[in-house]
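Q: Listed below are the residues making up each chain.
8 protein chains.
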Amino acid sequence: SRTGVIEAILADCKSPDDVVEIARVMVAESKRALITRVSPQHVEVLKQAFGEDKLEWNSRARTVVIHDGTPAPRTGGIVGIVSAGTADIPAAEEARVVASEMGCETVTVYDVGVAGIHRLIPALHKLKATKPGAIVVAAGREGTLPTIVSGLVDAPVIGLPVSTGYGAGGGGKAALLAMLQSCSTLAVVNIDAGFVAGAYAARIANMIAAAYTRGREDRVEQEGK
Amino acid sequence: SRTGVIEAILADCKSPDDVVEIARVMVAESKRALITRVSPQHVEVLKQAFGEDKLEWNSRARTVVIHDGTPAPRTGGIVGIVSAGTADIPAAEEARVVASEMGCETVTVYDVGVAGIHRLIPALHKLKATKPGAIVVAAGREGTLPTIVSGLVDAPVIGLPVSTGYGAGGGGKAALLAMLQSCSTLAVVNIDAGFVAGAYAARIANMIAAAYTRGREDRVEQEGK
Amino acid sequence: SRTGVIEAILADCKSPDDVVEIARVMVAESKRALITRVSPQHVEVLKQAFGEDKLEWNSRARTVVIHDGTPAPRTGGIVGIVSAGTADIPAAEEARVVASEMGCETVTVYDVGVAGIHRLIPALHKLKATKPGAIVVAAGREGTLPTIVSGLVDAPVIGLPVSTGYGAGGGGKAALLAMLQSCSTLAVVNIDAGFVAGAYAARIANMIAAAYTRGREDRVEQEGK
Amino acid sequence: SRTGVIEAILADCKSPDDVVEIARVMVAESKRALITRVSPQHVEVLKQAFGEDKLEWNSRARTVVIHDGTPAPRTGGIVGIVSAGTADIPAAEEARVVASEMGCETVTVYDVGVAGIHRLIPALHKLKATKPGAIVVAAGREGTLPTIVSGLVDAPVIGLPVSTGYGAGGGGKAALLAMLQSCSTLAVVNIDAGFVAGAYAARIANMIAAAYTRGREDRVEQEGK
Amino acid sequence: SRTGVIEAILADCKSPDDVVEIARVMVAESKRALITRVSPQHVEVLKQAFGEDKLEWNSRARTVVIHDGTPAPRTGGIVGIVSAGTADIPAAEEARVVASEMGCETVTVYDVGVAGIHRLIPALHKLKATKPGAIVVAAGREGTLPTIVSGLVDAPVIGLPVSTGYGAGGGGKAALLAMLQSCSTLAVVNIDAGFVAGAYAARIANMIAAAYTRGREDRVEQEGK
Amino acid sequence: SRTGVIEAILADCKSPDDVVEIARVMVAESKRALITRVSPQHVEVLKQAFGEDKLEWNSRARTVVIHDGTPAPRTGGIVGIVSAGTADIPAAEEARVVASEMGCETVTVYDVGVAGIHRLIPALHKLKATKPGAIVVAAGREGTLPTIVSGLVDAPVIGLPVSTGYGAGGGGKAALLAMLQSCSTLAVVNIDAGFVAGAYAARIANMIAAAYTRGREDRVEQEGK
Amino acid sequence: SRTGVIEAILADCKSPDDVVEIARVMVAESKRALITRVSPQHVEVLKQAFGEDKLEWNSRARTVVIHDGTPAPRTGGIVGIVSAGTADIPAAEEARVVASEMGCETVTVYDVGVAGIHRLIPALHKLKATKPGAIVVAAGREGTLPTIVSGLVDAPVIGLPVSTGYGAGGGGKAALLAMLQSCSTLAVVNIDAGFVAGAYAARIANMIAAAYTRGREDRVEQEGK
Amino acid sequence: SRTGVIEAILADCKSPDDVVEIARVMVAESKRALITRVSPQHVEVLKQAFGEDKLEWNSRARTVVIHDGTPAPRTGGIVGIVSAGTADIPAAEEARVVASEMGCETVTVYDVGVAGIHRLIPALHKLKATKPGAIVVAAGREGTLPTIVSGLVDAPVIGLPVSTGYGAGGGGKAALLAMLQSCSTLAVVNIDAGFVAGAYAARIANMIAAAYTRGREDRVEQEGK
Ligand SMILES: Nc1ncnc2c1ncn2[C@@H]1O[C@H](COP(=O)(O)O)[C@@H](O)[C@H]1O
Ligand SMILES: Nc1ncnc2c1ncn2[C@@H]1O[C@H](COP(=O)(O)O)[C@@H](O)[C@H]1O
Ligand SMILES: Nc1ncnc2c1ncn2[C@@H]1O[C@H](COP(=O)(O)O)[C@@H](O)[C@H]1O
Ligand SMILES: Nc1ncnc2c1ncn2[C@@H]1O[C@H](COP(=O)(O)O)[C@@H](O)[C@H]1O
Ligand SMILES: [Mg+2]
Ligand SMILES: [Mg+2]
Ligand SMILES: [Mg+2]
Ligand SMILES: [Mg+2]
Ligand SMILES: [Mg+2]
Ligand SMILES: [Mg+2]
Ligand SMILES: [Mg+2]
Ligand SMILES: [Mg+2]
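Chains as they are written, first to last, in my numbering: chain R, 236 to 460; chain D, 236 to 460; chain B, 236 to 460; chain U, 236 to 460; chain X, 236 to 460; chain F, 236 to 460; chain P, 236 to 460; chain Z, 236 to 460.
Chain R extracted, bound-state conformation (with noise of 0.2 Å):
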């Protein structure tokens, strides 16, 4: 369904050729598979399978779609991911390519850390202009950024901590716990659930396009009366 969530193959734990089986059904079916934390390996069997040109890899995301040729549904939902380092765009792009997946447009602002606040604000202003339903941030380490980009926009933030960062706190668990203690208003998923947090954005995007649509369309319904 169009806001509904996608249903998705976790390549994590299954053999290359037994996600090659299920990817088969489920292009069958919808005409898009998407399969996410793929190996190299996973891509290699698969791209045999199904041929190259039929199989988007990001490898940064560690995802890979199969299509038939079918464009991915549009929406018209808009979602903004944002993060603050190298290390967070993996579970950034996994977000994003869910989302995009789900029908929505996405817009990005990576590599603004804290460090880095008088570059954040001008990319946050544009990031407000396009108009985002959600915004997905992805943060390591202290994880402060969804609790300031939360802040300083309207859209709801989901805050995406990521497993960066060593010693006491590390692997995701201060980001985590200060998301969860933030002073703004935030939701959030869990340590690198980069899947979770684009897929949860894209409802609530695809949502607000939705009710927009209805806006209009009862607006015709009454004046068509």
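Not one of these hints is a red herring.
Cross-link-like lysine-lysine pairs, in silico, DSSO-like; alpha carbons within 30 Å at most: (1) Z:Lys-249 to R:Lys-361; (2) P:Lys-249 to U:Lys-361; (3) R:Lys-366 to D:Lys-366; (4) B:Lys-249 to F:Lys-361; (5) U:Lys-249 to D:Lys-361; (6) U:Lys-289 to U:Lys-249; (7) P:Lys-249 to U:Lys-249; (8) P:Lys-282 to P:Lys-266; (9) Z:Lys-249 to R:Lys-249; (10) Z:Lys-366 to X:Lys-366; (11) X:Lys-363 to Z:Lys-366; (12) D:Lys-249 to X:Lys-361; (13) F:Lys-249 to Z:Lys-282; (14) Z:Lys-266 to Z:Lys-282; (15) R:Lys-289 to R:Lys-249.
What the simulated footprint calls covered on chain Z by chain R, stretch by stretch (three residues with Cβ under 8 Å from a Cβ of chain R suffice, anywhere in the stretch; the number is not a length): (16) 406-418; (17) 423-432.
Stretch by stretch, here's where chain X covers chain R in the computed footprint (C-beta under 8 Å, at least three residues): (18) 370-384; (19) 396-405; (20) 412-419.
None of these hints come from the bench; they were simulated from the model.
C-beta atoms are modelled at their ideal positions from N, C-alpha and C, and glycine is treated no differently.
Place chains D, B, U, X, F, P and Z with the ligands on chain R using the hints.
A: Below, chains D, B, U, X, F, P and Z with the ligands without anything else, positioned relative to chain R:
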């Protein structure tokens, strides 16, 4: 602002007199003041300061709203609040009061535990019929309910873990972790963070309501041309 | 003894040669030897030592049974095994093999996640019709399934948390805590402890089978008098 | 139902008046009401509401049973309750009262610590002679007792960790972990979860009693043919 | 000594009479005594023992200074104290009193939360103009403020986590971990350790003041030659 | 010194060449060198450097002793080493080698798990007959054994938790906590700290041996007078 | 028995009347009864029951000894007790009382913190001169003292972590972990386990005293031949 | 800037080519580039890209400095680096290289463990004679050393916990907690955060050096008037 987040006074570690003073300023500025985590002493002193008829006390939510007669704004946003057991009601009610003060209509489905799954399905159908923009699901102990609700509705679900349960995983910990691990698409707030859950849900619901209105208005504009 | 717990060889941190040696003694004594947590190397060496036809290897359960042709004893006990997702199958299968070696008939209901709750109800009805003495429910991530099953069946349910899920509460931690906090009546074993779950379920199922037989025999005795 | 789990009122965070009201409904429906985790105030108000002779108060178990004179049903199930020290008795007694209300005969072996292992063996022999269907073993501090009991009896053992002990691993944590790590076959419930332990044991014991009866009846039926 | 750390009496777990006795010795030796973590009872007894005019009580810092009229030494060191919210003030004030007793001038910037980032920048500019040798930044909940301050000033920043916030990461835990994970250059002290933060800051500030003086003196010496 | 603690070379994170070099110095000074946590590579290079006959390699303990033919000193101290399962032997053996190098006679009782409590009692009787000055008890998983041994012997027992067991409380954690919570009188060392356990036991045993000798000598002295 | 461990009554969660009753039995059997963790109420009731002159109350150790005039046995064992700060004294004193009741002479070195390392060295020299068989070292916060003492003395050191310190690692946690990680040879007991520490030290000291006596006696025997 | 914090390239999760590229930009801008956490592959590729003579590789610190011949700036700041054992040297060296690149002279005191406290005192005297502005003290396992050093010197001490030690509190956890609980005045950085420790120390040392210079200059200015 209409979709923005409400300012509230956290009474928890403030003296009754301090709360009265801050509330006075806020009422003067904004016509209404929301005070959360109030103790009976706070309520007593607030009643004396503002008069009982200027004061809405929700003893289960531990909130007080002070107003000068001006009603809360209405945005057209609709927020669902679902809870599993008696012990979850304070957090659920805190979320409800906040969403209401932020202009939303709130629809509650209380006391539908996992034990009573047969009661849950029809209750959720009624809730879905109200077309909520977002749904807060409060749950303690093993925190299953948000996962189940999110699998059955289209609206984004905010998991609100509640500090019930003794022993290992007690005090809301199992509930929080289970929501972070959920197989459904969920975003979560911290344990007992009814305020954040309500404000986040209202933010989404208000954006959806605003999109609908914008849809209607844009149509008019276009047609007007 | 018939209802007692099976002796098994935990291959995990033993050399293949040590495992062969212990297995030889056990087969000599008990006709059959159960070996758990075997690696492919263990299997290779065991095949050479005992001959492929004397050896039942379950690659998903990571178990090997060596026997001299003597079939496993049959007790009349019936054990149900339920699991939520693909990743839960190794633990579920380990439980199944152990229960089977302890003389029980096993009935499996795999791949009924919380997501697919509509598939769960009819599958559980079929399981209930087999009158299981005990049911092992394996579940990872948020570990909801045992709670739901226990609310729908009469037989005692053993919650078996599985080490799936990344981030906070990952590796089976959220699942374990959620089962300990369950609102349904549940007993649990440790994360990935398929062996213990299977042996515990068989112990119950075998006691029930023995009670039934005793009931019949007592009747005969009495009537014989 | 006979083998199903008992409904009980958890008094812990309810006002005495609420408890009285819920108990009234339950007695009307089911003749008996079990109330757990009662405070002295709860007891006082319950006495006034129902009359002292309608009320069985177990101060160590912190339970109250209200009844209209109807005795608890008897199922023929037998549950053993074993505990290590004085501090474990409240949890053990809570389990005992619950099993008893679920129709079981209960047999207790209290105050046999690991220190007094010489006292344990003969006590367990007496317990085994009663042929219990399941045994609850309550133990705090290092939680050794269930492991030892499970190694000496055939019946399934439910480990019930008790919140005793100070310092690292105190409050029942070491006991819970030790039971989860046990070398014997054990299933466990949460710390201080006497209610769950008792209900789980009764569920098993009642199934065994029912199987025995069914065995006798089936024989009769067959012979009747 | 001038740059060394101050001796203080931790009143926390001492009887009022013990505190009076130790304070008498200290005043006799050093003219002034600093007492921390005082309760109202401590203050009462101290007032009676030393007279109200010999006693400076800071109720928010929970400190008392006893003196014989001798003013605290002045070192020329300058310490900044920044805090985010009302709840952080006790820890911040404890740091301020300690730094002051160690001879430093203290400059405070309170109540500049992350929410109010627009208020923070001008406030920090004023603070920088005073040329502090070190800055203590107290912050609870998600502990963001020290990271931001350290990115904007030259002086070494001491992160002082404060035990605010409920739920996961509450009680100062998220704040501590976030500061340890900070992308800015920060050193931290333990949760609520205002005493250590103040003493550490003063140690740095006093060394800087001493270096300046030494610079002037060396010049004089050299020129004197 | 005779009762003092042995110097040893922890090979763990040193290159084979570094170990050889440090060992050379130590042998020159003390005639013997003890090297712990050696890998096969360390052993290879040590063999080449010192010659196979100068080297005692204990592959289970992962220790090497280098000597110039001089035998280890003999103190008369007696140390018992008890272990529960196969997986506990490396830690137990490390303790044994260290105690032996510190001059003690060592008496081992391996493979007496809690499961085999009937085997334990006679084995402990044999151990007691050797009059050990101290007993190291190595145990993993639920760590019960030291508690039981300490209840049955007079000598001080050193609990040595071993990093076995998977899931919650695995890796020696449950064992450590259970030993700290023990109802018997126990002192413990860290998980897998065979070196410390052996050295501590030897320290006690050597003091007892020395006291005995002193007793005899004092008597002589007195009588000589 | 002389070297065995003392029986004691843990008053903590027993009513004063229960304690009196158990104590009466113990005094009748053993002439003396040791009661630990007594509250002021316990003491009051014990005084009335036994008479003030039959009762030794140590308010800092929270212990009471009841006796019929019979003095505690003397074994010749010597136990040292060292503590760092005022807050460590209750645990240290509990250890001292227990060791004393077990027949040992006790030698205390209190109030030698790490801060006062210059005071520590001479104090330890005095302690060493008394030739203690074992030394209990109580330390809270960062728990350094046992490590340092163990590096300076020959006798086995028992680390006794004390529940002081706030924030991360507070309540004795850092102290316990630091002692488990110690570079010196140490064995530890649980946080605040003064009873265990004292009993363990006495066990060692008594074995040493007994060995000395045995040495003298053996000599006599031999000479007598 | 002179006192500000150095920019460095964290090679850890970057490809060698990415590192080369970023380094080129940095050298072009700032004459020198500091790269931390380099692997041997990084070094190989960097050598090829810049030429071996333009590259200072510190294999223990895992750092590389690239420069165009321009020497590092000299600020006059002096930083002491103290470490306890061999395993602490990588973290200590990382701190040293960073402080050096920030313009400081560095003075090292390595291998003075708590065991070798007699070696520590004279070594610290030598260090104090160099008048360091700040001292980094690296320590693993029980993390005692910073506490002791801070009690003996005037300069602010930065505790740098190192990820050594196995078992409970291993991997630097006990060290971190012990430093946070320290009785001396200490500030700490995260486990293995040599970079932060060095940069923080340099920040302090550079401020002190600058103050001295300012003192001299002010004098000149004043005299010039
Ligand atoms: N990267 C991901 N993280 C979390 N969940 C995912 C991810 N990719 C797919 N999923 C979801 O995980 C489930 C797949 O589980 P499985 O049946 O084990 O393949 C589906 O519900 C997917 O939508
Ligand atoms: N997969 C398993 N998980 C837990 N326990 C097992 C497993 N397989 C065998 N065991 C039990 O572990 C013990 C074997 O221990 P060991 O003496 O080390 O071989 C026996 O009591 C087995 O019944
Ligand atoms: N297996 C071991 N476990 C714990 N400590 C050890 C071990 N082997 C040697 N040691 C001690 O570790 C220290 C050696 O440290 P190092 O200077 O790094 O070689 C000495 O104090 C040894 O006595
Ligand atoms: N302060 C104490 N800490 C730990 N154990 C104690 C303490 N005092 C007494 N005990 C022991 O705890 C047991 C008493 O347990 P109980 O049967 O509950 O009275 C006996 O074995 C005592 O020797
Ligand atoms: Mg961040
Ligand atoms: Mg729930
Ligand atoms: Mg699940
Ligand atoms: Mg126990
Ligand atoms: Mg903050
Ligand atoms: Mg064990
Ligand atoms: Mg200490
Ligand atoms: Mg150290």
